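Since the structure of chain V is provided, determine the placement of chain C with the ligand on it from the hints.
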Amino acid sequence: MAATQEEIVSGLAEIVNEIAGIPTEDVQLEKSFTDDLDVDSLSMVEVVVAAEERFGVKIPDDDVKNLKTVGDATDYILKHQS
Amino acid sequence: MTAKIKPAQGSPYARILGVGGYRPTRVVPNEEILKHIDSSDEWIRSRSGIATRHWANDEETVAEMTLEAAGKAVADAGITADQVGAVIISTVSHFKQTPAIATEIADRMGARKAAAFDINAGCAGFGYGLTLAKGLVVEGSADYVLVVGAERLSDLTDLTDRSTAFLFGDGAGAVIVGPSDEPGIGPSIWGSEGDKRDVISQTIPWDGFRVGDVAQLPLGEDGSVKFPALRQEGQTVFRWAVFEMAKVAQQALDAAGITPEDLDVFIPHQANMRIIDSMVKTLKLPEHVTVARDVETTGNTSAASIPLAMERLLATGKARSGDTALVIGFGAGLVYAATVVTLP
Ligand SMILES: CC(C)(COP(=O)(O)OP(=O)(O)OC[C@H]1O[C@@H](n2cnc3c(N)ncnc32)[C@H](O)[C@@H]1OP(=O)(O)O)[C@@H](O)C(=O)NCCC(=O)NCCS
Numbered sequence: 546m547a548a549t550q551e552e553i554v555s556g557l558a559e560i561v562n563e564i565a566g567i568p569t570e571d572v573q574l575e576k577s578f579t580d581d582l583d584v585d586s587l588s589m590v591e592v593v594v595a596a597e598e599r600f601g602v603k604i605p606d607d608d609v610k611n612l613k614t615v616g617d618a619t620d621y622i623l624k625h626q627s
Numbered sequence: 004m005t006a007k008i009k010p011a012q013g014s015p016y017a018r019i020l021g022v023g024g025y026r027p028t029r030v031v032p033n034e035e036i037l038k039h040i041d042s043s044d045e046w047i048r049s050r051s052g053i054a055t056r057h058w059a060n061d062e063e064t065v066a067e068m069t070l071e072a073a074g075k076a077v078a079d080a081g082i083t084a085d086q087v088g089a090v091i092i093s094t095v096s097h098f099k100q101t102p103a104i105a106t107e108i109a110d111r112m113g114a115r116k117a118a119a120f121d122i123n124a125g126c127a128g129f130g131y132g133l134t135l136a137k138g139l140v141v142e143g144s145a146d147y148v149l150v151v152g153a154e155r156l157s158d159l160t161d162l163t164d165r166s167t168a169f170l171f172g173d174g175a176g177a178v179i180v181g182p183s184d185e186p187g188i189g190p191s192i193w194g195s196e197g198d199k200r201d202v203i204s205q206t207i208p209w210d211g212f213r214v215g216d217v218a219q220l221p222l223g224e225d226g227s228v229k230f231p232a233l234r235q236e237g238q239t240v241f242r243w244a245v246f247e248m249a250k251v252a253q254q255a256l257d258a259a260g261i262t263p264e265d266l267d268v269f270i271p272h273q274a275n276m277r278i279i280d281s282m283v284k285t286l287k288l289p290e291h292v293t294v295a296r297d298v299e300t301t302g303n304t305s306a307a308s309i310p311l312a313m314e315r316l317l318a319t320g321k322a323r324s325g326d327t328a329l330v331i332g333f334g335a336g337l338v339y340a341a342t343v344v345t346l347p
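For the record, the sequence lines run as chains V and C. First residue of the first sequence? That's 546 in our numbering, and the numbers climb one at a time after it. First residue of the second sequence? That's 4 in our numbering, and the numbers climb one at a time after it.
Isolated chain V (complex conformation):
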């Protein structure tokens, strides 16, 4: 069953918390992974890999660059989840 926007954000929050140690409540749609959440380019790869597993989507390397904010990632997953 496809996840809702709310479920995706809270899922991403758990992933970011696990990988970068950021409190889950700080992970909100408008937050930038690198500038606000201390997720650098390599942690972002780990976030993406975890999100792929959790939401059953494929996020190719070339698309990762475009996912600047939590909102970008949420929209991407909403659109591509099967």
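For the record, the hints were derived by calculation from the structure and aren't laboratory data. All values reported here derive from a predicted model rather than from experimental measurement. Note that CB positions come from ideal geometry on N, CA and C, so glycine has one too. All clues stand as given, with none of them false.
Below, computed lysine-lysine pairings styled on PhoX-like, alpha-carbon distance capped at 20 Å:
1. V/Lys624 x V/Lys610
2. V/Lys576 x V/Lys610
3. V/Lys603 x C/Lys199
4. C/Lys250 x V/Lys603
5. C/Lys199 x C/Lys250
6. C/Lys38 x C/Lys229
Pair by pair, the computed Cβ-Cβ distance ranges are:
7. V/Asp581 x C/Leu162: 30 to 38 Å
8. C/Lys38 x V/Lys603: 37 to 45 Å
9. V/Asp580 x C/Arg48: 15 to 23 Å
10. C/Ala258 x V/Gly601: 24 to 32 Å
11. V/Asp571 x C/Tyr16: 49 to 57 Å
12. V/Ser586 x C/Leu37: 14 to 22 Å
Same frame as chain V, but now just chain C with the ligand:
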């Protein structure tokens, strides 16, 4: 008539009996790398964990470094060089392909008449060599096998490439594999993913230097033809390493019947501290497991990295003879090899 052929008499099992390493004398700090790329010490440390690496001088050739490491491994194993029946050298940075450098090593170390050959399995070279050595000892084609990973990656480094200039180092690491009454080397989980062969590769093939083709070669700032270098798609490699290699490491544990609790030491290929940290997390290695973090002061020495890290852990008392260690190498090919070993 199909006559009955008598097979060789091997040993029931094989194990690593001794280890030795050689690190070049010159230590290169990040500051020196920054002369050629727009970067910072802080960036390099946070993205790779590397603070310093060793780069070889003119005398520290692949052959000289190999001989130093091999001599120590032979002594550590408590054997003499003439008992070595096969010499396997894994290197991508010895620039005279024929004859194999292994023949020079066998001759100069005193392993005369030993079977001697080179292999190219990039950063998985140590695990590939170990797998071959185990097979030779158990099957009976050699009593003792020398396996060496030896690299001068500084020769294959483009100092102006931001993705690799800080990454690579030089050195040689060697082990002696020999007979054992107990299994000392577990099943190898090894393989290749050749569909990713372009992800890490040499920039220009050697035949690109043929007269006539030279005009097509890239030029450096001073107008001279650039020597080949290793280039990589860093993020793709990183993703593959943290995601796929953790699975391979887990398979090696499972195949050997070892749980993370049973493990004393984890020696992954020293490619990047961030890859190491991620694997430790994914594999859920308990606190008591000693993790090799040699990359900080050695950089990525490809096939040499695992035996170099192994030697240092043993020399500094962080690991002990008889400890159970998981080793995993991965790199250009892409290729990988993981297994559980008893430390010498
Ligand atoms: C090489 C590696 C550290 C690069 O890190 P990365 O996060 O993938 O780097 P990227 O090229 O995506 O760049 C990310 C950012 O850092 C910057 N950057 C890249 N290289 C840089 C450098 N040397 N110094 C400073 N900044 C650098 C980029 O400009 C980019 O900045 P931007 O987001 O503002 O545009 C990393 O990919 C890696 O280690 N991969 C595994 C490689 C490996 O282990 N290979 C051997 C296997 S045997």
